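Starting from the given sequences, assemble the full structure and let the hints guide the process.
The listed protein sequences correspond, in order, to chains R and F. Numbering (our numbering) for the first sequence: 1 to 117. Numbering (our numbering) for the second sequence: 1 to 111.
It should be emphasised that the hints constitute simulated quantities derived from the structure, not laboratory data. These figures come from a predicted structure and were not determined experimentally. Don't be surprised by glycine CBs; every beta carbon is placed ideally from N, CA and C. Just to be clear, a hint being listed does not mean it is correct.
Once the Cα atoms are required to be at most 30 angstroms apart in a straight line, the calculated DSS-like pairs of lysine-lysine come out as [unchecked claim]:
#1 K42/F with K98/F
#2 K22/R with K52/R
#3 K36/R with K19/R
#4 K19/R with K40/R
#5 K36/R with K98/F
#6 K52/R with K56/F
#7 K42/F with K9/R
#8 K67/F with K19/R
#9 K42/F with K36/R
Just so you have them, the derived chain F footprint on chain R, three or more residues with Cβ under 8 angstroms [as the list claims (entries may be wrong)]:
#10 41-49
#11 91-98
#12 101-113
Chain by chain, the residues:
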Amino acid sequence: DTAVSQTPKYLVTQMGNDKSIKCEQNLGHDTMYWYKQDSKKFLKIMFSYNNKELIINETVPNRFSPKSPDKAHLNLHINSLELGDSAVYFCASSQDGASVSSYNEQFFGPGTRLTVL
Amino acid sequence: QKEVEQNSGPLSVPEGAIASLNCTYSDRGSQSFFWYRQYSGKSPELIMSIYSNGDKEDGRFTAQLNKASQYVSLLIRDSQPSDSATYLCAVSSGGYNKLIFGAGTRLAVHP
Numbered sequence: 001d002t003a004v005s006q007t008p009k010y011l012v013t014q015m016g017n018d019k020s021i022k023c024e025q026n027l028g029h030d031t032m033y034w035y036k037q038d039s040k041k042f043l044k045i046m047f048s049y050n051n052k053e054l055i056i057n058e059t060v061p062n063r064f065s066p067k068s069p070d071k072a073h074l075n076l077h078i079n080s081l082e083l084g085d086s087a088v089y090f091c092a093s094s095q096d097g098a099s100v101s102s103y104n105e106q107f108f109g110p111g112t113r114l115t116v117l
Numbered sequence: 001q002k003e004v005e006q007n008s009g010p011l012s013v014p015e016g017a018i019a020s021l022n023c024t025y026s027d028r029g030s031q032s033f034f035w036y037r038q039y040s041g042k043s044p045e046l047i048m049s050i051y052s053n054g055d056k057e058d059g060r061f062t063a064q065l066n067k068a069s070q071y072v073s074l075l076i077r078d079s080q081p082s083d084s085a086t087y088l089c090a091v092s093s094g095g096y097n098k099l100i101f102g103a104g105t106r107l108a109v110h111p
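Listed below in structure tokens is the structure:
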């Protein structure tokens, strides 16, 4: 299946721990994104990479560090987890990140529900 | 001021009716507009994209864009109970395709 996939689906951890979420897309897209959806269901962009280069870096605590080893993968590492980090994290991808056309349509992965205790 | 605004709903419509979902945005430079559907506990699913003024139809869905009024809407014809979900309006402006999402409108289609 062609898709955006994420692991793990659920992540439950203690405050202060470090955790990573992985994302892979086999759509051949150049651009990948991380979004956070909080308890009020508000979806907000965190980061975007285009062909392994960071192009969007929103006001996110520097405890969050994205890494893109290649254009098909975008991982998110979170240090010193806090209660407020509990949310659903979605990865997305688009064919490119700049055109005003269907090439910029973003397709979402299934999400990772992070719970910090 | 919110950048993308939607009525949170719930919008309740009977089966077979037309559901009309509305969205306004604040950035006049916005160029790409999207509607996503999100079922509870699932990820956002792209329904429609629209880039120029006017209507765009795809099956039972019609997206309408009016850049002068900074307004985008989604019409769902012949609404079905399976259309019950939260509909997210998203707007992209500037370079790098940064999507700004509205808070979503919850649609309930009752038999």
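Hints, verified against the model:
Distance hint between K42/F and K98/F is fulfilled; the C-alpha atoms sit about 22 angstroms from each other, no more than 30 angstroms. Distance check on the hinted pair: K22/R and K52/R sit about 15 angstroms apart at the alpha-carbon level, within 30 angstroms; holds. Between K36/R and K19/R the CA atoms are separated by roughly 15 angstroms; this keeps the pair inside 30 angstroms, and the hint holds. Of the pairs offered as hints, the one joining K19/R and K40/R holds, with about 23 angstroms between alpha carbons and a cut-off of 30 angstroms not exceeded.
The hinted pair formed by K36/R and K98/F meets the criterion: a straight-line CA distance of about 14 angstroms does not exceed 30 angstroms. Distance restraint check for K52/R and K56/F: the Cα-Cα separation of roughly 34 angstroms exceeds the 30 angstroms cut-off, and the hinted pair is therefore not satisfied. For the proposed pair K42/F and K9/R, the alpha carbon gap of about 11 angstroms is at most 30 angstroms, so the pair holds. At most 30 angstroms may separate the alpha-carbon atoms for a hinted pair to count; K67/F and K19/R exceed this at roughly 42 angstroms.
For the hint pairing K42/F with K36/R, the CA-to-CA distance comes to about 14 angstroms; that is within 30 angstroms, so the pair holds. Counting residues of the segment 41-49 of chain R whose CB lies closer than 8 angstroms to any CB of chain F gives 6, so the stated coverage by that chain holds, three being the minimum. By the rule of at least three residues with a Cβ nearer than 8 angstroms to a Cβ of chain F, the coverage given for the segment 91-98 of chain R holds, with 4 such residues. Closer than 8 angstroms: that is the beta-carbon criterion, and the segment 101-113 of chain R has 10 residues meeting it against chain F, so the requirement of 3 holds.
In the structure shown, a violation is registered for the earlier hints numbered 6 and 8, in ascending order.
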